[in-house]
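Listed in order, the protein sequences are those of chains A and X.
Residue 288 in my numbering is what sits at position 288 of the first sequence, and the numbering runs on without skipping anything.
Heads up: take any position in the second sequence, counting from 1, add 1000, and you land on my numbering.
Errors might be hidden in some of the hints.
Here are the simulated EDC-like pairs of lysine to aspartate or glutamate, each with C-alpha atoms no more than 20 angstroms apart in a straight line [stated by the list, open to error]:
no., chain 1, residue 1, chain 2, residue 2
1, X, K1022, A, E11
2, X, K1022, A, D396
3, X, K1079, X, E1042
4, A, K184, X, E1025
5, X, K1022, A, E179
If the Cβ cut is set under 7 angstroms, some of the chain X residues that face chain A in the computed set are [stated by the list, open to error]:
no., residue
6, I1020
7, K1022
8, E1025
9, K1029
10, P1063
11, I1064
12, F1072
13, Y1073
14, M1075
15, S1092
16, L1131
17, G1132
18, N1166
Chain X regions said to be covered by chain A (calculated; three or more residues, Cβ under 8 angstroms) [as the list claims (entries may be wrong)]:
no., segment
19, 1047-1058
20, 1156-1164
Hint data in this document are derived by calculation from the structure and do not stem from the laboratory.
Predicted model only: the values in this text are computed from it and were never measured.
Yeah, the Cβ is synthetic: ideal placement off N, Cα and C, and Gly gets one too.
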Amino acid sequence: MGKKILLEHAEVPGIQGYEVYREKGGYRSVEKALKTMSAEQVVEEVKTSGVRGRGGAGFPAGMKWSFLAKPEGVPRYLVCNADESEPGTFKDRYLMSKIPHLLIEGMITASYALGANTSYIYIRGEYYYLIGILEKAIEEAYANGWLGKNILGTDFSHDLYVHPGAGAYICGEETALLESLEGKRGNPRMKPPFPAVKGLYDCPTVVNNVETIAAVVPIINDGGEAYANIGIGRSTGTKLISASGHIKKPGVYEVEMGLPVEEFIYSDEYCGGILNDKKLKAVVAGGSSVPILPADLILTTANGEPRLMSYESLSDGGFQTGTMLGSGGFIVMDETTNIAKNLYNFTRFYHHESCGQCSPCREGTAWMEKILHKVLAGKGSMEDIDLLWDIQTKIDGNTICPLGEAASWPVASAIRHFRQDFEELVKNPAGLDETRYYYHCNNINPEVA
Amino acid sequence: MSTEEIKFSEESLALVKKTIAKYPEGRQKSALLPILHLAQAEFDGWLSVPVMDYVASLLDIQPIEVYEVASFYSMFNLKPVGKCILEVCHTSSCWLRGADDIVDHISNKLNIKVGETTADGMFTLKTVECLGSCGSAPMLMCGSQYHEHLTFEKVDGLIDNLRNENKRTTYLDEVKVENY
Ligand SMILES: Cc1cc2nc3c(=O)[nH]c(=O)nc-3n(C[C@H](O)[C@H](O)[C@H](O)COP(=O)(O)O)c2cc1C
Ligand code: SF4
Ligand code: FES
Chain A
1 MGKKILLEHA EVPGIQGYEV YREKGGYRSV EKALKTMSAE QVVEEVKTSG VRGRGGAGFP
61 AGMKWSFLAK PEGVPRYLVC NADESEPGTF KDRYLMSKIP HLLIEGMITA SYALGANTSY
121 IYIRGEYYYL IGILEKAIEE AYANGWLGKN ILGTDFSHDL YVHPGAGAYI CGEETALLES
181 LEGKRGNPRM KPPFPAVKGL YDCPTVVNNV ETIAAVVPII NDGGEAYANI GIGRSTGTKL
241 ISASGHIKKP GVYEVEMGLP VEEFIYSDEY CGGILNDKKL KAVVAGGSSV PILPADLILT
301 TANGEPRLMS YESLSDGGFQ TGTMLGSGGF IVMDETTNIA KNLYNFTRFY HHESCGQCSP
361 CREGTAWMEK ILHKVLAGKG SMEDIDLLWD IQTKIDGNTI CPLGEAASWP VASAIRHFRQ
421 DFEELVKNPA GLDETRYYYH CNNINPEVA
Chain X
1001 MSTEEIKFSE ESLALVKKTI AKYPEGRQKS ALLPILHLAQ AEFDGWLSVP VMDYVASLLD
1061 IQPIEVYEVA SFYSMFNLKP VGKCILEVCH TSSCWLRGAD DIVDHISNKL NIKVGETTAD
1121 GMFTLKTVEC LGSCGSAPML MCGSQYHEHL TFEKVDGLID NLRNENKRTT YLDEVKVENY
């Protein structure tokens, strides 16, 4: 049984409310930090813990915090990234709905460390119903003296607000998120300057994922060292994995880093095996943006070692034979899945979600979707597969934000590992009337839908 | 409709004020998304030009600043919609578990295509990208409520219920959360 440090109390009845949360040891990290530690010491603990950003990029959180600029007289901000729109990812929603106070507590402790007197939780608009839950928890935190002026009699004051998005994957990218929080279109900014120097309202800002901020609570309670002892190597702690697709038990699982992928897929404690006992064909291990791997390569690395749930093990082999832990959106596909069809689905997604600022991304994602549509409709040629390959190489690395790469990698990996699925559709267009396509319709206009 | 006729209820105006207060002095534009959500919920489920102009005046910003934002985000409707928008997720995890069949089923049952509204103005069918409910696929959202682990029977029941209630659903509706 893996160690649970975030979701330990998730199923305790009443844990959404303040009383029970507090009984279970809630808000101890705020007490400990504010009363016994300096802000720098809190940052040091987080550094020692080795916790890496859980939003996808895996950048060490303590290091990111230490980059925060501290000019005199300029406010600093902490912004929680609760945009959670990476296909296959639903862990933040689970955490916020089950234990909202854990996020609130993490926000207060983290804000103390960063010297931020105001913080925002930017939550995707589709999670509107969660705003009520979070705001209720925030109200309780104010009522009990954990938020507001001079918390616990110290000179630290803090206000926390929830801000809704309105349906745009790109607003999960941290600079697009800040634009959106300023009431603008979600167009990513050029970096540098990085948010740590010029973020929200041009002030130094840290943007962290929900899970990263929640992890601050056990790190401060038990010490960075204790956290670093969980997990494996530079993948410290636990990770929330969102498991979906063709498995018997989809859901959110907290796993200790280092758990073998095979155990995760087949053990009854986790996914419980493949739906209808079919054979495993492919896995997208870290949300739609990471390379897809065939069954043999997700279970063992190219060197024949068991593949583990960790940053290092999943990326072993680079993009030739490896993938990435990403956001932990673990999508499983059985033997009946045609990977080219799934790729069409992903590519349509990236085309729809491109903000349109850079031509390689805007035009490239549209073009790739069009070609895949043609292939699926039984009108594709072998050259189209090569053309797809060529387009993705030209997007990758040539854009303002990483959505370009996020759109390229699934294409590259699908062709690399599953070329036969594309060729099958080219050679054998029969039976394709079963393939249906639906288009987006933001403006609800049947003519363009 | 002229701009003069458009006005939030007193309750909403109080909420607008409260929302603006969340952001620093002079940064009231930050309140744009939450206020557009409020406006869409209050003014028939979509954002007409006069409504957007009204929001601009409340925030003391140019109308273009509202239009460019409203047209960027997929939750905002710039054309009239049915009372209930059935937003079916069709991204990978849902697609793997039969989202296309759910879309077809609704389409056949209501006799509308994706993007269309039923003649009685009751339902609009829309497909959307991943809503963070992939582990409960297939799923759809109507108003603020997620409907998960869908089957044809569940969809039929939902449509009957919505028709009987005959109410506009909005993203701001209160939701009963299980186990809460
Ligand atoms: C297109 C795109 C979408 C992203 N979506 C999210 C998201 O939904 N949630 C998230 O936490 N990070 C997302 N990120 C990563 C953020 O830019 C940022 O790295 C992260 O919020 C930092 O927090 P962390 O260090 O705690 O992971 C996204 C990045 C890109 C390029
Ligand atoms: S890469 Fe795509 S999403 Fe990112 S800024 Fe450029 S156009 Fe926008
Ligand atoms: S793919 Fe449908 S909710 Fe994520």
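Here is how each hint holds up against the structure:
The straight-line distance between the Cα atoms of K1022 (chain X) and E11 (chain A) is roughly 32 angstroms, outside the 20 angstroms bound, and the hint therefore fails. Distance restraint check for K1022 (chain X) and D396 (chain A): the Cα-Cα separation of roughly 39 angstroms exceeds the 20 angstroms cut-off, and the hinted pair is therefore not satisfied. A hinted pair counts as satisfied when its Cα atoms are at most 20 angstroms apart, and K1079 (chain X) with E1042 (chain X) qualifies at roughly 15 angstroms. For a cut-off of 20 angstroms, the pair hint linking K184 (chain A) to E1025 (chain X) stands: about 17 angstroms separates their Cα positions.
Of the pairs offered as hints, the one joining K1022 (chain X) and E179 (chain A) holds, with about 16 angstroms between alpha carbons and a cut-off of 20 angstroms not exceeded. Contact between I1020 (chain X) and chain A, as hinted, is not supported at the beta carbon level, the nearest pair being about 11 angstroms apart and thus beyond 7 angstroms. Proximity of K1022 (chain X) to chain A holds as hinted, the smallest CB-CB distance being about 4 angstroms (cut-off 7 angstroms). The beta carbon of E1025 (chain X) comes no nearer than 11 angstroms to any beta carbon in chain A, farther than 7 angstroms, and the hint placing it at the interface is violated.
Because the smallest distance between the Cβ of K1029 (chain X) and any Cβ of chain A comes to about 4 angstroms, under 7 angstroms, the interface hint for this residue holds. Evaluation of the P1063 (chain X) hint against chain A yields a violated restraint, the C-beta minimum of about 14 angstroms exceeding 7 angstroms. With a least beta-carbon distance of about 12 angstroms to chain A, the hint placing I1064 (chain X) at the interface is violated under the 7 angstroms criterion. For F1072 (chain X), the interface hint holds, since its Cβ comes within 7 angstroms of a Cβ in chain A; the closest pair sits about 4 angstroms apart.
Against a cut-off of 7 angstroms between C-beta atoms, the interface hint on Y1073 (chain X) holds, since the closest Cβ of chain A lies about 4 angstroms away. The beta carbon of M1075 (chain X) is positioned within 7 angstroms of a beta carbon in chain A (closest approach about 4 angstroms), and the interface hint is therefore held. For S1092 (chain X), the shortest C-beta to C-beta distance to chain A is roughly 5 angstroms, which falls under 7 angstroms, so the interface hint holds. Among the interface hints, the one on L1131 (chain X) holds; its C-beta lies about 5 angstroms from the nearest C-beta in chain A, closer than the 7 angstroms criterion.
Of the supplied interface hints, the one on G1132 (chain X) holds, with its beta-carbon coming within about 4 angstroms of a beta-carbon of chain A, less than 7 angstroms. For N1166 (chain X), the suggested interface contact is broken, since its CB lies about 20 angstroms from the closest CB of chain A, more than 7 angstroms. Counting residues of the segment 1047-1058 of chain X whose beta carbon lies closer than 8 angstroms to any beta carbon of chain A gives 0, which falls below the threshold of three, so the coverage claim is violated. Under a criterion of three residues with beta carbons nearer than 8 angstroms to beta carbons of chain A, the stated coverage of the segment 1156-1164 of chain X fails, only 0 such residues being counted.
When held up to the earlier numbered hints, the structure conflicts with 1, 2, 6, 8, 10, 11, 18, 19 and 20 and fits the remainder.
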